[in-house]
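Please arrange chain B on chain A, whose structure you already have, making use of the hints.
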Amino acid sequence: MKNVFKFKPIVTTLLTVVFLSGCSLFDLDINKNPNSPSAAAPDLILTQIQVDVLSTFAALEGDLETFNGFMGTQSTSLYGLTSNSYSGTWNSLYTGPLKDIEGLIAVSQTSPHYLGIAQCMKAYTYSTMVDLWGDVPFTDASKGDFTEKNTTPKFDKDVDIYNACFALIDQAVANFAKASPAAVKGDLMYAGSAAKWAKFANSLKLKMLITARLAIPDAAAKIKTILDGGNVIAAADDFTFKFSKDPTSIRHPWYSGAYTGGEFRHTYICHQPIVEMLDEEDPRFNFYFRRQTTLILNPLDPADAGTIPCGRSSNCVYGYLVTSPTVIKRLYTDKGKAYGATEKAYMAGLFGRDRGDNTGIPLDGALRLLPGVYPCGGYYDVAVPKIPVANAAPGGGIFPALTSVNIDYYKIEAILKLGYTGDAAVVFKSAIEGHIKKVLDYGMATDAANAVRPTQASIDAYVNLWLARFNSATTPDAKLAIAFKQLWFSSYGNGFEFYNAFRRTGLPTTIQEHVLKPFRGYPLRLPYTQTELTLNPNAAAYKNVAFDVTPIFWKK
Amino acid sequence: MKKLSLILTMVLFIAGFAVAQRTITGTVADAKGELMVGASVLVKGTTTGTVTDIDGKFTVSVPAEAKTLVFSFAGYQSKEMALGASSVINVNLAEALLQELVVTAIGIQRDKKALGYSATDLKSEDLVQRSETDPIRAIAGKVAGVNILGGGGAPGQSTRINIRGVSSFTGNTQPLFVVDGIPFDNSVNSSGQGSQFSNRAFDIDPNNIESLTILKGAAAAALYGSRATNGVVVITTKSGKKSKKGMEVSYSSSFAAEQISNLPNYQNKYTQGSSQNYNGGFIGNWGAPFPQYVDEINAKYYNGEPRYSKTYAAGYAEGMIPHPITGITFTIPRFQSVFPELMEDDPNKPGTLRAKAIALKPYNFLQEFFQQGLLAENSLTFNGGGENAGLSATISRMDNKGIVENMNSSRTSLSVGGNAKLANGLTVSGSVNYVNTGQTAPPVAPSAYTDYYGSGETSIFSRLFYLPRNVDLMGWPSENPVTGDNVFYRNLENPRWLVKNNRYTSNVNRGFGSLTLNYDVTPWMSLTAKGGINNYTDNQKFYQRPTTNAPFVAGGIFQNSYTRTELDFNYFASFTPKLSQDLDVRLIVGMNQNQRSSISQFISGQNLFTSSIDNLTAATTKFASDNVQKQRLYAVYADATIGYKNFLYLGLTARNDFTSTLVNPLNLAASKNSYFYPGASLSFVASDAFQLPDFVSFAKLRGSWTQVGNEASPYQTSTVYNFLNPFVTSTGTNTNRATLGNILGNAGLVNELTTEIEFGTDLRFFRKRVGIDFTWYKRNSTNQITRSEVPRSSGFDVQIVNAGEIQNKGVELGLTLVPIQTSGGFTWETNINFTRNRSLVVDAGAGGEIVVDQGAVKVIHRTGEQLGQLFGSKNARVDNKDKSSPLLINKTTGMPFILSTNEIIGNPYADFNLGWINTLTYKGFTLTTLFDWKQGGDIFSITAASLLLRGQLANSQDREALRVVPGVYGNPATFTAILDDKGSPIKNTTGANAFDTHFSDGFGAYGAEEVNVYDGTTFRLREIVLGYSLPAKFLKKTPIGSLRLSVSGRNLWFKVPNMLKDLNLDPEVLPYGSAVNVIGVDLGATPTTRRFGINLYATF
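Protein chains in written order, with our numbering: chain A, 864 to 1419; chain B, 3 to 1102.
Just so you know, these hints were derived from the structure itself, not from any lab. It is possible that part of the hints are untrue.
With a straight-line Cα cutoff of 27 Å, these simulated DSSO-like cross-link-like pairs (lysine-lysine) come out [said to hold, decoys possible]:
hint, chain 1, residue 1, chain 2, residue 2
1, B, Lys351, A, Lys1249
2, B, Lys885, A, Lys1406
3, B, Lys674, A, Lys1012
4, A, Lys1207, B, Lys351
5, A, Lys1105, B, Lys624
6, A, Lys1418, A, Lys1087
7, A, Lys1059, A, Lys1087
8, B, Lys893, A, Lys1406
Covered, in the sense of this in silico footprint (three residues per stretch, anywhere, with C-beta under 8 Å from a C-beta of chain A), are these stretches of chain B [as the list claims (entries may be wrong)]:
hint, region
9, 270-281
10, 483-494
11, 709-722
12, 740-746
13, 793-807
14, 897-908
In this text the structure is predicted, and so the values were computed from the model without any measurement. Ideal Cβ placement from N, Cα and C applies to all residues, glycine included.
Next up, chain A with everything else stripped away, as it sits in the complex (with noise of 0.2 Å):
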């Protein structure tokens, strides 16, 4: 009796043991996330990539366009650039679509269309990044989960990224030549449409062959063919990325600065388009800009002086529009026009700053004039002006990345430049009109409330004007020059084309000059980042890169 006594206690014990733990807790294989999967539907993939691709380049648009002296964002007004200032951009296209584009093509090998539109993809991402960077890791970059496992990619000779994209837009279009077992889902840009993909693809082509002609020995005929072949991109074929208009979705980077109640709501626009489209009387004017106030302020008013654009500069040309003697001679009384209240009233809201003026920044978020309704999706500038209720303008906008008119011009430069036969003038001719019906038609569309169609005397006086500008250039240097300059006016919304032909030829000259010196040279291309230099020992060659010393391959 007595041991079961004793034993009681211990099969008690062992009871509680069992009783408590249970044989699951020894296993062990439960490491596979269950939140996360390992991988995902090309659809899924493709969707995100057209994304991030899209909403990178057109934030970083901003900047180029004030590298182009269209607008004036203040940090890099003066081109005060540093090893941070492009870091977001980098990081995100490397640790995100390129990484992606690698997964679709994984995952696509028998798809073609998806293949296609992946190497398209890879083949424009890339060859945008060498217009910015030059050289940047290609060959092993974003395979640290590929077989290669490489977490520190080589960087690769610009030119060599250059001609593998070439290849790249080749094997597409041969992608898209074949059948495709399943319709492509979840392409934002094109619907799956394999047709219009070849197209983009042939463009593409075009594109970096005129970007990089002067370095590519046989640039001219190759053009020569793309061109001749005409399978590129057509009025209704347009690479234009559509934001959304929902505001917990991702909208025009414009459009959430400037019509979601932020407080210095968007970037200064520059003085000098102001100026000269309202001297020309340019259609796009109302779409282009939306005015927010009647308020003049008074330069004796000591706050109101830091207040007022060039209130603190001395050497504007512009200055603050509504009282500058220069802008009133040359918009109203060499016009013959009167120069009253309204008048004034409505000058005060074109607000804006004179190129390269990087003075402190006052409260004058509620006085700037902000971008309109083409191409962010904001307002079109009406008669009244007040400033806009948050998140109540229409949005939507539209990043067009590469478009008809693009191909216009391409087809200008060939035909002055490269020899490529044709009329320059009539290719002019269709590239402004083709610019001008795209931003009526967008903003007709987009704020039907408000907006109201020039008439079309009005547009063909603007055209007749850059024709005649045109036809009277004797060299086709100076003609280049004056269509460079309406590529400038059609650059709104998206710089990265007026960048390229402005660093490869020099075109036009008649941007205005800095009113302050600028720190640091011209960006001949974008500084490398902080992270890749210190953290890739392949970048170490590019540790001493100046920005505004070394240009791209092809800027010869």
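Coordinates of chain B only, in the frame set by chain A:
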């Protein structure tokens, strides 16, 4: 007692009578001279002897050959006295040292003297009634080798604790908390929305702590397994301890007032604006002088020329400005119809209204903004029991109202525990605890302006300290009376509006308990089964009220719920065979099972269509996601202690873990998820082994070598896709998206391993008057599981790696002195706890460095350098490696310019920490003070940078003359000095005004980060307690058994001598809470507080 001594006397007397040859008499007393009843007096080596009588006297007959008498008394050190000619011997016995029992691994109690490693224990009375509700903060300064850093002054804000340095690059560095034998999750649950989060050890009520033991080293902690790598905090609650016999009720109550510990010294000479012009729309303070200084400054600097005018706004009288809430001078009319009382007739345009004229003058709004906080704690403990069973119960409640309105925390806990020995010999003990912890706050996250620190969150602290001097924060309206919208002088969050309308809450319900069964199979063998569960749910909610004006137009509700459950079981057998007289052996063989799981659910509601309810129903758009995690571990272990003659102890430990977290789900067979780690320690009590000189009361040497393995957190062995919120196309279609995550998993991950060597000594001299507890240790942590930053061109931000090695080397010194101890009952005891630790990065892995980028702040772990150095931008110098080399100056601006790559800009870890505790006792009075000194430890202060940038500090008052920054001209493109014809550098002579010096670049927040790194040496009076225990005789006729009253103060004074002048703020704050491994940054956290309290403790 009397009875016992009588019997003993008789027994001994009889035994001694037969051989008596000589009679010795005398008294036995304790160190204070109190006579001792029943002390034993024995002839050495014999059983001959006696005990003292009720007067402490003895008379003993000893044989003629006897040479020595041994005096002993339970709880006191025995004393031997040689027999000389005298027949009278009076002795004093010192209290026995170190016979305290310490709770060590798996809850086993051990005699401290047998330990081969350092363990420090604190008693309840060291922690409670000190105006401190956070059990971890209450430890600060009291234990050598332990570093406590509070997150800031918000009630319940998290606290970081590090034992023996930091031994992980990016992983968890917090010790394991074990409460009543079961691990206690100490996570910080945070999904980033603007507030101060508690670490969950805050759920432990200090009033419920019976004892707290800190196991510092690996040797002490090895048996707890992986999570003991960072040390263990073992807490025994009042209900978890063995109940005493009898019945007792104790009541403890504390009330304290709290206030902000300090405020910066502001300048009140210049107004809001820039470039010395008043502008009522600005944030900065670089405007014109206030009216009363205009004449003085014109006279002093401008020969009386009217450089400055007293007219600040056109049309307004001298010294007057339009009311900035209704003024239209700088922007558009905003609140003119809302606040007609802030409008007036325009004398310049009769018949029209204009913004009311108000005087331009400085306001001390911060003093008004911060309120007096309150702290109330009440706790009631019941304790009762008999011979074989006991029960104890505690109920307590804490309320803390913070220094900002609507910022508070509370804690209610209830616990019951008991133990019983059943008739069949089985011992059962267990406890059940329930805690409810609440935290409410407006958005008070550490925050700085988003325009220069991208990751800033909306918080009252993003602007509060930097508002212009002439803003009447407390006087001007902050809310639209009709719509409830935010009102401020510009479209920014008004801190008062935030305080009133936006709310963060956390409500934690936590239950934990354990059950232990123990059975002594034989006298030398017992079996124990011990298991428990610890579960809590933290329901958090962040409410952002929608408004019709900026900046929070849409509003939002973020509701997060975290449930964490931990199961832990230990089964072990203890063997205590009696092998020989001299050998004392204890062997434990056991097994441990542990499972941790969590469910986190996130719901965000955006675009609130109404502000009338703060409920998700009000949201137009809702997103939900959840995250579940589970990890398991089991282990087998053995622990042996072999004691020889009570002076030499050998300890041996061994453990093998099997973890789920190192399993590669794609390749089970190749996973290396099992790992073994052994340890050994030795303790040698020299004072027991040898006859040491009299003044040596106790001497022990100890040493140990131990390894501890460490697992990973779950799911790090593979790379996964993340689903994103759908992209809503311009036509309103939801398009789903997936992207491969930016954390690169590692299929071949193995365990971390820490190897620690420790030597130490415990010495006591002159009875208890001098004590030295010294430890030297070196711990190397290898195969760190960390996130190593990779070049982004790899497609990833970070990679999970086993990389590198960290070495922590340090000394801990505890010094106890009793300089004064009078017979009148006055004692002065002083304790010094000295800690010095160096964390060296022996190897940072393949790239030679690991950068931890927190957005606003970066730290770097670089091979050969100390761990966790601050990493940031530096100004270019002639020789960039030399700190004292002249700065390069941009000739155009007269300002320094920043190098293109980041560099190490400071070391946030202290050279040493010293806690100095003084205790004065006299009769019933006790005065305890805790002073601490942190030497070194750099602070990157964004508060300083911001205040400099905005021109608010008193030290920026002198701003009329141009400043020439010392340096030489340099080329900002090449970062080299510009040389003159002779090839020598050209001294900078380009002047810059005060505004440009601090605002654009240079010496404010837009300048190089190195400029605002300061030496964080701090002297602090952390704690004072003055207590009085009523003498028992006063209480005789009352039901009260004992009564103690005290007043206490916390954080009463501090001095940071090398910090920016006039900043005055306490650098003891954390930038990101205790879970993130970054210190040495002041990111604008809730300022620390100072408390004064009164306390009552009574037993019945």
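Report task. Compare the structure with the hints numbered earlier in the document and write down the numbers of the violated ones, lowest to highest. Result -> The structure breaks none of the hints.
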